[in-house]
Amino acid sequence: MGLLGVFMPSVLDDNKLKLLALLSLYTKPAGDDEYDHYIKNYVLLCIIYDLIIRGVLDYDYSSRLILWRGAYVFMNVSQEALVDLDFLVEKGLLKKIKFSTQGHLYVVGYRVTETGREVIRGYPEKLEEVRKALACECGEIMSIAIEEDGAYYVCCGEKKKIGCLSTEDVGYEAEPIIV
Amino acid sequence: MASTIKDILEEYTFLYEPLIIISEWIPFGPNQFSHFCEALSAYRRDEIFITSEIDTNPEAPLFRVIPEFACVRISDYEEGKNVKFISRIFYSEEGGVVQKEEIGVRVDESGFIFYSCKLRKCGLARTKGGGLPLSYASLDRLARIVTDLMEDTSTLMHSMLNSYQKRILSVVYPRSHEELYERKKMLCMITTKVIYKNKDLREIVRSEGLEKVLGKYSDFRKEVQQVLGYVTGGIVLANGDIIIRGKDGLLVVTDEKNIGEYIDIVKIIISLLAIEAFYIHLFSRVWIIWDTLGHIRSEIFSPNSRNPIDIYRVKLSTILADTVILWDVDHLARFAMKHLNRQIEKLKEAIKSGEKGNQDYSITRAILKIVNVDEVLEVITSKIEATKSVLEAFRMDINGLTSLINTFMEREMREIRKAMWKSIDKQTRMMQIEKAEKERLELIEFLSAGLLVAEILSLLFAWIETSFGMTFGGWEYLFSIIAIFILALLLRAIIRKISIEETIEESQLE
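If you read the sequences in order, they're chains A and B.
Residue 10 is where the first sequence starts when you use our numbering, and the numbers rise one by one after that.
Residue -8 is where the second sequence starts when you use our numbering, and the numbers rise one by one after that.
I should point out that these hints are in silico values taken from the structure, not numbers from a laboratory.
Check each hint, because a few of them may be wrong.
Said to hold, decoys possible - In silico PhoX-like links for lysine-lysine, alpha-carbon gap of 20 Å or less:
1. K248/B / K175/B
2. K105/A / K49/A
3. K100/A / K188/B
4. K104/A / K37/A
5. K207/B / K188/B
6. K409/B / K329/B
7. K107/A / K238/B
8. K207/B / K105/A
9. K25/A / K207/B
10. K104/A / K238/B
As the list claims (entries may be wrong) - Just so you have them, the derived chain A footprint on chain B, three or more residues with Cβ under 8 Å:
11. 91 to 98
12. 103 to 114
13. 156 to 169
14. 172 to 179
15. 487 to 495
As the structure is a computational prediction, the values presented were derived from the model and not from experiment.
Quick reminder that beta carbons are idealized off the backbone N, C-alpha and C, glycines included.
Work out the full structure, taking the sequences as your base and the hints as a guide.
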């Protein structure tokens, strides 16, 4: 925040701006339809993973156990992105909500705030870059479908898999120790 | 030692030959433990290959197996206490990645399981920077190795657990037996050296303090969270050892000589975390049961319910099966808690006797001071007790609902029976009316036939009168009436006789 309590967008690096752009494409505060639109954290993390792989976002990721449709799966999660999301929440550009699943476990949701929307309007090139990465050939932003075997981009009646649930292997040598 | 990592990693934190301990609690108890040891042939103390595949074709002479199995070498077995073995895992990995995966496994009769290994070499990945020897594993790569170990240890245990235990796990962790899906396990990593941004972590902590190193936006925190989950705190012991606590485990930085002491105390702490995690998930299943019961109750009482009532009886039976299996976990959990309590008491006694002797136990004392194990033990025990009483209440609730459904079904049956009697009565009456109607029609037909005969007779009388001049003085009318009735009765008698004969013939034929 600046001296007068006004948010200074200069503290936002490239990744944070792109995250904000991403959230502004998929979420919105209550407007005409009376509802706040939040994106579930695991859906958001799927898109973030895809954008990392495609070089749009510059984060690291690793597999973590997360709740996926009420059961646990390993998913490629970027801790750096999660910390940046918390930063944006702290600065009032995003809002975070926690809600219960039918299985009585909890999922977090994120949405952009009015301030966040105003800030990202000042960076049309970032918004355009993220929009381009998430747009279908028809020009619309692809929606996300969560299925048992992973997440999919869906548009124009076609589905494209996001490989966020495929864990990566590293070669290693381990010596057994019995404790 | 390649990798399949797609990203170019930015690695800041490296652990020197970390000791990885993964722990989980699976309901065991004496009977399951005996069965488990039997499956391993633990008494032979030799090597055996184990697969999770089941022989569903006992009459076939050959058994085909996908070449994914674990090799288990028993190293120690104490009947009624624990079994220790080394497992070499031969599950296929992607992209030609070579993994020399040997894990030490300790299974206690109480159900606490520890999978542990020391990471000697870690494969390279595409990185920005780096340059440390292979004995240093970056947290980025370690996160992937831990994932691999968690997945493979689940597959390993799946080959050895009995169907009863698998059923419990599938209720508590839905779909955990399927590919892709997992269950919650706790992790502890012990290392003698951590390099963070090319500096020794201990030096950084000495100069900057652990609080700053674990700062909200620090790169160290971000990387640790990849492995331990959300970092909840950390402490620096008097001897300079660092302990970092994450939501899913611990990271310990200590000297080689202290590792043994850490293992003993850490085993107790991660056991507590493991059984707590199990109960958190078990309780979430309890809520699901509660929701389902509420839903069934409102459906039963709803006048708009379209489902047949017996569907609810089937649903209740499934819920009861889940409730019973969760309820059954209770005595196994108590058994495990007793075991943990004994371990803690032993440790306390060791500290006391160590104080008299040469052994210091300063680390154990410090950790016990930070983590109030007695309090944690009490909290978990009360959770177990509360869960049991809730499940007992559910059983009563399910029984109540089942009797209610039975009452509804009986009432429905009574109403059906009543409706049936009513319908039979109606049908009988309709048949009687039909019969009377038929007779009436017959009579009209016969009378019509008689009238026809009378008409013929009157024509005959008219002809005789006209042709022969014979008169009957009005007696011909009486004669015609009598003829009508006689003929009608005669016709009726003949038709009845014919129809009776036909009925007899038909019944004889039948």
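Hint check:
1. For the hint linking K248/B to K175/B, the alpha-carbon distance of about 31 Å lies beyond 20 Å, and the restraint is violated.
2. For the suggested pair K105/A and K49/A, the alpha carbons sit about 10 Å apart, so the restraint of at most 20 Å is met.
3. Pair hint K100/A plus K188/B does not hold up; C-alpha atoms about 28 Å apart against a cutoff of 20 Å.
4. Annotation: proposed proximity of K104/A to K37/A holds, straight-line Cα distance about 10 Å (limit 20 Å).
5. With a C-alpha separation of about 17 Å, the suggested pair K207/B and K188/B falls inside the 20 Å cut-off, and the hint holds.
6. For the given pair, K409/B sits about 60 Å from K329/B by alpha-carbon distance, which is inconsistent with the 20 Å threshold.
7. For the hint linking K107/A to K238/B, the alpha-carbon distance of about 17 Å falls within 20 Å, and the restraint holds.
8. In summary, the hint linking K207/B to K105/A is supported, as the alpha carbons are separated by about 17 Å, within the 20 Å threshold.
9. Of the pairs offered as hints, the one joining K25/A and K207/B holds, with about 16 Å between alpha carbons and a cut-off of 20 Å not exceeded.
10. Using a Cα cut-off of 20 Å, the hinted pair K104/A and K238/B is violated, with the two alpha carbons roughly 23 Å apart.
11. As drawn, the segment 91 to 98 of chain B meets chain A at 7 residues by the rule of a beta-carbon pair under 8 Å; at three or more, the given contact holds.
12. Here the segment 103 to 114 of chain B counts 9 residues with a CB under 8 Å from a CB of chain A, which clears the bar of 3, and the coverage holds.
13. Restraint check on the segment 156 to 169 of chain B versus chain A: 4 residues with Cβ-Cβ distances below 8 Å, three needed, restraint holds.
14. Only residues whose C-beta sits within less than 8 Å of a C-beta in chain A count toward coverage, and the segment 172 to 179 of chain B has 4 of them, enough to reach three; the restraint holds.
15. Given as covered by chain A, the segment 487 to 495 of chain B fails the check, having 0 residues with a CB less than 8 Å from a CB of that chain where 3 are the minimum.
Hints 1, 3, 6, 10 and 15, counting from the list given before, are not met by this structure.
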